[in-house]
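Take a look at the letters that make up each chain.
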Amino acid sequence: MTNTRLVEGSAPAFEGRLTRQGVSRREFLKFCGLMAGTLALPARYAGRIAYALETAVRPPVVWLNFQDCTADTESFLRASQPDVDDLLLDILSLNYHETVMVPSGRMSVKSLEDTVRDYAGQYVCVVEGSIPTGDGGVYCGIGGRTALSIAQEVCSQALATLAVGTCAWEGGLAAAVPNPTGAVGVKDAVPGLATLINLPGCPVNVANLTATIVHFLTFQQWPETDGAGRPLFAYGEEIHEECPRHDHYEHDEFVQEWGDAAHRQGWCLFQMGCRGPDTKHNCPSVKWNDGTEWPIGAGHGCLGCSEQRFWDRHSPFYVPGDDD
Amino acid sequence: MPKIFIPIVTKNSESAPPPSQKVVIDPITRIEGHLRVEVQVQNGKVTDAWSAGTMFRGIELVMQGRDPRDAWIFTQRICGV
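The listed protein sequences derive, respectively, from chains A and B. So for the first sequence, this note's numbering puts the first residue at 1; every next one is plus one. So for the second sequence, this note's numbering puts the first residue at 1; every next one is plus one.
For reference, chain A alone in the conformation it holds in the complex (with noise of 0.2 Å):
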């Protein structure tokens, strides 16, 4: 198979691009501190990130909506602090993505099947939402063909695949008890690919997507993985042990009611529901919403969405769990 050469980046061409997307030099190096920061490297790595963003090669993305409600792309969309979606579709060639192309029925096909044929082995493939398997797939249909045969074509050509949300880590949602469609994730969808990073949560983090993929383009390898394909930099911490309300709960003041006293003085939540003590993740520093807030900040137990089977192992919601 010949494949299509992929054309090396160059800073001044990078800087154009920038510069037509509105995006300063300095909301670029910001945003290089905020991937260090993210991926817990010394700040020093700015500037060895910024280098690797301005040379890199733009490796061609396509992004495969499956039984998903899109809040993953929603998530990736929204983030401007600074235009994270502008500079990564700079950084990027965003091949397909069936929510933001123009293109529609076969000529969407197209560019999905064209960037496949003309760049295996080089493409990113990224997933959001569960792959249906029962009854033949016949729950989820993209052009005629079932998202399972289109998963398994698609992701098995790809340098990587990106697992964005717990959908497509491991059926989410749709897979909650009697998983009606026999929703499963892409390591189940299509096991034994080389390359598979999962990023869940309900929605992915756009700090945690977009610094995996810097991770990449910087270093020439993706971040380290726990078991479950999880990077570290992301899933490594618990967020019990990070959280600011820790101390109330090695004090034994919880909030009993939602709005008493010990609610309002933002006392811990464990009593509420919380599923801190069972959560590998970074939303304590790395926060939503552009850095602004998270459940816990804002008052509300943490549902442990990046963890396995959440929707039915931390359910119901309301009710406290394992503190061990």
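I should point out that these hints are in silico values taken from the structure, not numbers from a laboratory. Each statement offered as a hint is correct.
Here are the simulated distance ranges between beta carbons: (1) A:Pro178 with B:Val81: 24 to 32 Å; (2) B:Ala52 with A:Gly299: 36 to 44 Å; (3) A:Ser80 with B:Pro18: 43 to 51 Å; (4) B:Lys45 with A:Gly134: 34 to 42 Å; (5) A:Pro191 with B:Ile59: 23 to 31 Å; (6) B:Ala52 with A:Glu224: 38 to 46 Å; (7) B:Arg69 with A:Pro191: 32 to 40 Å; (8) A:Gly136 with B:Pro18: 27 to 35 Å; (9) A:Gln152 with B:Ile59: 24 to 32 Å; (10) A:Met107 with B:Ile78: 27 to 35 Å.
Note that the structure is a prediction, hence the values are computed from the model and not measured. Backbone N, C-alpha and C define an ideal beta-carbon position, used for all residues, glycine too.
Given chain A, work out where chain B should sit, using these hints.
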């Protein structure tokens, strides 16, 4: 009434459009979810049309028997846009 433009794809633009043709657009892009539209065109006019959501998760079935306080957390995930 707004004018609606239905593109008719023919191999040779010189010739008249075929008297009856089915146009299939799948996937419809720039929406949340998965949609397929089929349009029957006769002498340049739409005579019939079908649309289908091509993805099903069964959230109603997943929610049966669960704590009602959890309902919002499940139903919120119907659409994340």
